[in-house]
Amino acid sequence: MGNSSSADANAFKAAAVGGQVGIDPDAAQTVLKKIRTGRDAVEALLNGSGTLAQPPKLGANPVGHAMAAKFVQRADGGGDSYSSALQNLLSQYQAAEEGIVAAMARYHEIDQSAADPFRKA
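In terms of the numbering used here, the sequence shown has 23 at position 37, counting the first letter as 1, and numbering is strictly consecutive.
Treat the hints as calculated values from the structure; they're not laboratory data. Any given hint might turn out to be false.
Quick list of simulated restraints, FRET-style, between CB atoms [as the list claims (entries may be wrong)]:
(1) VAL49 <-> ASP(-6): 51 to 61 Å
(2) SER70 <-> ASP26: 14 to 24 Å
(3) THR16 <-> PHE104: 50 to 60 Å
(4) GLY5 <-> SER70: 43 to 53 Å
(5) ALA55 <-> SER99: 22 to 32 Å
(6) VAL49 <-> GLN6: 53 to 63 Å
(7) MET53 <-> GLN73: 46 to 56 Å
Restricting the straight-line Cα-Cα distance to at most 16 Å, the calculated cross-link-like pairs of lysine to aspartate or glutamate (EDC-like) are [claimed, not checked]:
(8) LYS20 <-> GLU84
(9) LYS19 <-> GLU95
(10) LYS20 <-> GLU83
(11) LYS19 <-> ASP102
Where a beta carbon is used, it is the ideal one built from N, C-alpha and C, also for glycine.
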């Protein structure tokens, strides 16, 4: 599921960079602001995620130690950890932001190109 979203964000970015998508810069400012706000929030969570990897104090017994180790792994380990999920989300925000910026830059170029056949020589 996460890979699909990442592929969608990257496909949009590639289309925008390739000149297939143009977005009116004035109309896109609200979307761009929301994307940047989300990206900044995810970056803040990532910066603080290391503190989650501290083993909780669940008691000095085998079950408590096993639960504490599992908690640390889920917080900062690979695969489906909290940090990995945040990193994936951050890369999607970055791709979406780069795509919007590229589409904004291409807007006038695409608009001019579409109008060229209707101009007098």
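Going through the hints against the structure:
1. VAL49 <-> ASP(-6): 51 to 61 Å: Check failed, 42 Å falls outside 51 to 61 Å.
2. SER70 <-> ASP26: 14 to 24 Å: Hint holds: Cβ distance 20 Å, inside 14 to 24 Å.
3. THR16 <-> PHE104: 50 to 60 Å: 30 Å, violated
4. GLY5 <-> SER70: 43 to 53 Å: 33 Å, violated
5. ALA55 <-> SER99: 22 to 32 Å: Violated, since ALA55 and SER99 (Cβ atoms, about 59 Å apart) do not stay within the stated range.
6. VAL49 <-> GLN6: 53 to 63 Å: 56 Å, holds
7. MET53 <-> GLN73: 46 to 56 Å: 25 Å, violated
8. LYS20 <-> GLU84: 13 Å, holds
9. LYS19 <-> GLU95: Distance of about 23 Å is beyond 16 Å: violated.
10. LYS20 <-> GLU83: 10 Å, holds
11. LYS19 <-> ASP102: Roughly 32 Å between the alpha carbons, so the hint for LYS19 and ASP102 is violated.
Taken one by one, the earlier hints fail for this structure at numbers 1, 3, 4, 5, 7, 9, 11, listed in ascending order.
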